[in-house]
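So the protein lines, in turn, are chains A and B. Our numbering numbers the first residue of the first sequence as 1 and each following residue consecutively. Our numbering numbers the first residue of the second sequence as 1 and each following residue consecutively.
No lab work stands behind these hints: they were computed from the structure. Just to be clear, a hint being listed does not mean it is correct.
Identical copies go unnamed one by one, so any copy, or any two together, can satisfy a pair.
Stated by the list, open to error - With a straight-line Cα cutoff of 30 Å, these simulated DSS-like cross-link-like pairs (lysine-lysine) come out: (1) Lys221 with Lys523; (2) Lys523 with Lys283; (3) Lys58 with Lys185; (4) Lys185 with Lys7; (5) Lys470 with Lys525.
Protein chains: 2
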Amino acid sequence: MAKARLKIIPLGGLGEIGRNMMALEYGEDIVVIDAGLMFPEEEMLGVDLVIPDITYLKENHERVRAILITHGHEDHVGALPYILPQLDVPVYGSPLVHGLISVKLREHRLLKNVRLNMVRPGDVLQIGCFRAEFFRVCHSIPDSFGIALHTPIGTVVHTGDFKLDHTPVDGKTMDLHRLAELGDKGVLLLMSDSTYVERPGYTPSEQVVGQSLDRIMGDAKGRVVVASFASLISRIQQVVDAAEKHGRRMFIMGRSMLDNAQMAIEMGYLTVPSGLGTPDELKHLPPERIAVMTTGSQGEPTSALSRMANRDHRFLEVIAGDTVVISASPIPGNVGLINRTIDALFQQGANVLYQGIADVHVHGHGAQEELKLMLRLVRPRFFVPVHGEYRHLVLHARLAHSLGIPEENTFVLQNGDVLEVTTYRAKKAGQVSSDYIYVDGLGDIGQVVLRDRQHLAQDGILLVVVAVDKDTGKVIGEPDVISRGFVDVSVSEQLMTDIRTQVVNAIDHGKAHTTEWGYINPKIKETVAKYVYKETRRRPMILPVAVEV
Amino acid sequence: MAKARLKIIPLGGLGEIGRNMMALEYGEDIVVIDAGLMFPEEEMLGVDLVIPDITYLKENHERVRAILITHGHEDHVGALPYILPQLDVPVYGSPLVHGLISVKLREHRLLKNVRLNMVRPGDVLQIGCFRAEFFRVCHSIPDSFGIALHTPIGTVVHTGDFKLDHTPVDGKTMDLHRLAELGDKGVLLLMSDSTYVERPGYTPSEQVVGQSLDRIMGDAKGRVVVASFASLISRIQQVVDAAEKHGRRMFIMGRSMLDNAQMAIEMGYLTVPSGLGTPDELKHLPPERIAVMTTGSQGEPTSALSRMANRDHRFLEVIAGDTVVISASPIPGNVGLINRTIDALFQQGANVLYQGIADVHVHGHGAQEELKLMLRLVRPRFFVPVHGEYRHLVLHARLAHSLGIPEENTFVLQNGDVLEVTTYRAKKAGQVSSDYIYVDGLGDIGQVVLRDRQHLAQDGILLVVVAVDKDTGKVIGEPDVISRGFVDVSVSEQLMTDIRTQVVNAIDHGKAHTTEWGYINPKIKETVAKYVYKETRRRPMILPVAVEV
Chain A
1 MAKARLKIIP LGGLGEIGRN MMALEYGEDI VVIDAGLMFP EEEMLGVDLV
51 IPDITYLKEN HERVRAILIT HGHEDHVGAL PYILPQLDVP VYGSPLVHGL
101 ISVKLREHRL LKNVRLNMVR PGDVLQIGCF RAEFFRVCHS IPDSFGIALH
151 TPIGTVVHTG DFKLDHTPVD GKTMDLHRLA ELGDKGVLLL MSDSTYVERP
201 GYTPSEQVVG QSLDRIMGDA KGRVVVASFA SLISRIQQVV DAAEKHGRRM
251 FIMGRSMLDN AQMAIEMGYL TVPSGLGTPD ELKHLPPERI AVMTTGSQGE
301 PTSALSRMAN RDHRFLEVIA GDTVVISASP IPGNVGLINR TIDALFQQGA
351 NVLYQGIADV HVHGHGAQEE LKLMLRLVRP RFFVPVHGEY RHLVLHARLA
401 HSLGIPEENT FVLQNGDVLE VTTYRAKKAG QVSSDYIYVD GLGDIGQVVL
451 RDRQHLAQDG ILLVVVAVDK DTGKVIGEPD VISRGFVDVS VSEQLMTDIR
501 TQVVNAIDHG KAHTTEWGYI NPKIKETVAK YVYKETRRRP MILPVAVEV
Chain B
1 MAKARLKIIP LGGLGEIGRN MMALEYGEDI VVIDAGLMFP EEEMLGVDLV
51 IPDITYLKEN HERVRAILIT HGHEDHVGAL PYILPQLDVP VYGSPLVHGL
101 ISVKLREHRL LKNVRLNMVR PGDVLQIGCF RAEFFRVCHS IPDSFGIALH
151 TPIGTVVHTG DFKLDHTPVD GKTMDLHRLA ELGDKGVLLL MSDSTYVERP
201 GYTPSEQVVG QSLDRIMGDA KGRVVVASFA SLISRIQQVV DAAEKHGRRM
251 FIMGRSMLDN AQMAIEMGYL TVPSGLGTPD ELKHLPPERI AVMTTGSQGE
301 PTSALSRMAN RDHRFLEVIA GDTVVISASP IPGNVGLINR TIDALFQQGA
351 NVLYQGIADV HVHGHGAQEE LKLMLRLVRP RFFVPVHGEY RHLVLHARLA
401 HSLGIPEENT FVLQNGDVLE VTTYRAKKAG QVSSDYIYVD GLGDIGQVVL
451 RDRQHLAQDG ILLVVVAVDK DTGKVIGEPD VISRGFVDVS VSEQLMTDIR
501 TQVVNAIDHG KAHTTEWGYI NPKIKETVAK YVYKETRRRP MILPVAVEV
């Protein structure tokens with residue numbers, strides 16, 4: 001058998017919100033870090049979410065020992081309900097991760113069949129030939145961990161998502177001492193969060209947001225509604241603290257956020273001294289006694305906040321006098337949706353506070369000085385930037401060069417790349433399958449379906465319906481033309497008549513040779529496409545439909 | 001006849017990039033300021049651009065005296081080729097505007113039929129009962145004007161797009177003195193640019209970009225490629241200046257930018273001492289002697305920059321050693337496209353500089369302190385914030401309140417709102433038509449087409465094809481099921497068979513009552529929709545197609 005080498009294989013992780021998943025392999029053992037989903041980009045039409053391609057893991061199923069989770073955000077745990085039914089491996093994460101995943105798996109009715117295990121900072125697990133050690137980092141959710149994976153050839157440090165917050169909401173700071181100790185003993189390879197590498201300096205502490213919320217709750221004469229991500233438990237705590245301080249009763253709207261909050265309360269991650277209010281109380285309390293936390297910070301049209309803005313919510317309509325706080329930063333693909341929600345809220349007469357005009361959100365990722373500190377503390381031999389778009393990885397690699405890590409020891413990996421690492425050398429060695437897996441409804445869809453949707457979205461569809469004699473293959477009668485999403489029916493009668501004429505001519509021309517459908521079909525397509533483009537400069541999908549009778 | 005009142009009617013102007021158009025009306029005279037287009041938002045599928053609704057102007061055609069243009073950007077002039085064929089009125093703009101519009105009208109083969117007139121700062125036109133006076137402002141294109149419209153009941157000042165640049169590229173600063181003088185004499189109403197009202201402080205001068213470009217051209221060892229908007233003549237000048245200073249030959253790629261540049265050179269707005277290079281020279285010059293300016297700063301897939309990034313351009317492929325500068329800010333809907341282009345450029349090995357990591361772009365709009373200065377200088381009785389999204393108008397109105405303009409004298413208008421103004425009072429009075437007009441190819445499309453495209457984009461289409469006897473209305477034989485953009489054909493054979501069975505059952509069930517197509521059609525639709533949703537959680541467009549034979 002060839003000498004075993006450590007392999008590092010990102011199976012996801014490129015993208016603004018990355019469906020993070022990293023496989024580490026040595027000999028007979030594979031361990032996976034994170035199993036996240038990605039929200040679809042604009043051109044992924046009708047796609048609900050995107051998950052990593054686990055073909056490689058399925059092919060090596062018997063060697064996959066565990067999935068280790070760094071923290072409970074969707075881009076790190078969201079793919080578990082899709083992956084676990086296909087890959088029966090134990091999952092290890094913090095108590096909060098355990099809670100969040102359980103909520104999620106219960107929704108998918110998968111909770112009973114999976115092996116969830118809790119780990120705490122300082123815990124060390126023996127997983128095959130690996131020893132996995134969890135250490136605390138700061139991020140925008142409690143219980144965020146980095147992982148030191150001690151392998152037969154050295155220690156690999158994976159930071160998870162992190163920033164250096166000296167005053168986090170839960171008071172639990174990053175374990176700088178353990179990182180320093182690891183760096184002291186020697187680290188073979190560092191994988192570090194690149195998301196915020198474009199920003200110079202330091203990311204502000206979550207405390208900044210706490211102070212803003214406090215001021216807003218104190219100053220507002222009416223109700224205060226704060227929108228954020230459902231899993232941002234720390235933010236919920238900050239809103240609760242500010243609300244209670246100013247004598248406001250706390251309400252939570254949006255099922256996912258309410259589920260998460262209730263779980264977090266039960267597990268002790270969220271403290272709501274006066275408890276949560278009920279929809280009934282909401283009706284009877286005066287506005288200045290009300291604080292609401294809700295989902296919808298990304299402007300999702302079916303979210304609680306969008307419904308409130310459009311007066312379509314069961315319990316709460318935003319009205320003049322309300323203050324609405326968007327306590328989140330937009331995912332790039334959602335900027336338009338968020339802006340429209342903000343506009344709708346202003347039109348209802350609300351005062352709207354959002355990033356850009358008020359300090360109501362800070363990023364959960366470290367900026368350049370924090371990334372430098374991590375590189376200095378860990379001082380690895382090899383460096384693999386992770387999390388973020390390709391440009392972030394390149395910039396993070398450059399940052400590492402500027403601190404003295406040689407270029408040849410730095411690897412910008414794309415999804416599916418295999419990095420082979422020995423004690424003194426590392427090199428890219430091949431590729432494994434790493435497609436986007438597009439989840440739509442109950443199943444996934446492929447490139448063909450997506451391309452068809454893009455085509456349909458651009459210029460609609462034009463059907464040419466023809467009856468064909470099933471015995472002779474001859475066309476019977478006249479063809480019909482139907483369109484959707486192509487032209488306004490009211491103004492296009494003449495165009496449709498003309499297209500029909502074009503089709504009749506095409507078929508007639510065909511008749512001289514053969515009446516077989518297989519010949520006429522492409523002929524119709526070509527004729528109609530050409531004519532339609534000339535007349536309209538549009539390229540609808542053209543679908544000749546034969547009905548055999 | 002009722003006493004004449006001044007009416008202010010925005011026919012466009014809401015939106016990040018606004019298809020700006022403002023009608024001002026008094027008695028028998030209507031004058032229009034700007035005629036811009038808007039780039040489509042994400043959900044406007046397949047739409048090329050959006051233009052203002054000129055129904056009101058067409059209905060009052062004989063009273064429309066002129067269109068006055070503030071400056072040559074697309075969101076202020078881009079709708080002219082679509083509007084002028086429907087509305088034969090003279091257009092007045094600066095020499096540069098004249099040049100840019102001429103380029104555009106020539107493309108549309110409209111140049112001969114329109115009445116374009118040049119105006120210069122200080123010019124005063126008598127237009128019906130109005131006197132229109134043009135004064136210089138600073139923006140990111142030379143020859144940007146504000147307009148003082150002297151009406152029978154007082155002066156209306158429209159700022160156009162502006163910022164307070166004390167060191168503009170062309171050295172021509174804003175006419176603060178005339179604004180002060182107007183303010184001194186008394187201004188009835190101010191309409192002022194709201195685009196950048198979210199930002200505190202001042203927008204930096206274009207000089208900042210010039211210095212960055214100079215440094216980049218000097219430092220880069222290879223070619224330098226700068227992408228920006230085709231109409232950003234000032235930026236082109238800055239790139240030329242930096243290129244020539246460092247001994248680089250200047251090339252311009254992208255037809256629209258090249259057309260604009262050539263026009264600007266002819267008219268004296270752009271100075272290229274050594275002239276522009278030809279594609280042939282590009283092949284033979286050493287990299288450090290090359291500077292390229294190109295379109296594609298918004299990541300448009302067919303633009304020159306995208307082609308260069310994907311090695312699909314006729315004359316230039318981006319390679320390792322090249323420096324690429326994205327000298328523009330993203331329009332919100334384009335963030336994803338731009339990020340993908342930046343990633344592709346990094347993957348080619350280029351060094352990419354963009355807003356966020358380098359000072360390679362400044363906004364063309366004034367921030368809060370500049371907007372305050374405008375309000376103070378003009379000190380109008382009434383204030384109407386213009387340009388920007390609804391939230392920008394609200395924030396700008398608040399800024400005006402903070403400077404002492406009473407709330408009741410401030411009006412946030414939506415497109416189509418009519419504001420009636422007398423000497424001492426103003427109030428909203430009704431609405432005129434102000435739909436989005438979606439241009440796609442050679443014509444425009446309506447809401448139905450757009451909704452169909454959105455439906456098709458989400459989950460595709462499912463055709464149920466049935467042959468019907470044209471005499472009896474009876475269904476002949478078995479139905480067929482065809483789909484596009486719905487499910488992967490390879491994995492859905494069973495589903496298609498099941499849908500077929502469902503359809504057969506629905507028709508059989510129908511037979512008990514009647515065999516008329518009008519009855520069966522909705523029955524099929526309902527049955528299939530229900531079944532498909534249950535099985536897939538998707539809602540494709542379901543289109544029963546009857547073929548009469």
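Hints, one by one, checked against the model:
no. : hint               : result
1   : Lys221 with Lys523 : neither (70 Å within a copy, 54 Å between copies)
2   : Lys523 with Lys283 : neither (66 Å within a copy, 43 Å between copies)
3   : Lys58 with Lys185  : neither (35 Å within a copy, 79 Å between copies)
4   : Lys185 with Lys7   : within (22 Å within a copy, 77 Å between copies)
5   : Lys470 with Lys525 : both (21 Å within a copy, 26 Å between copies)
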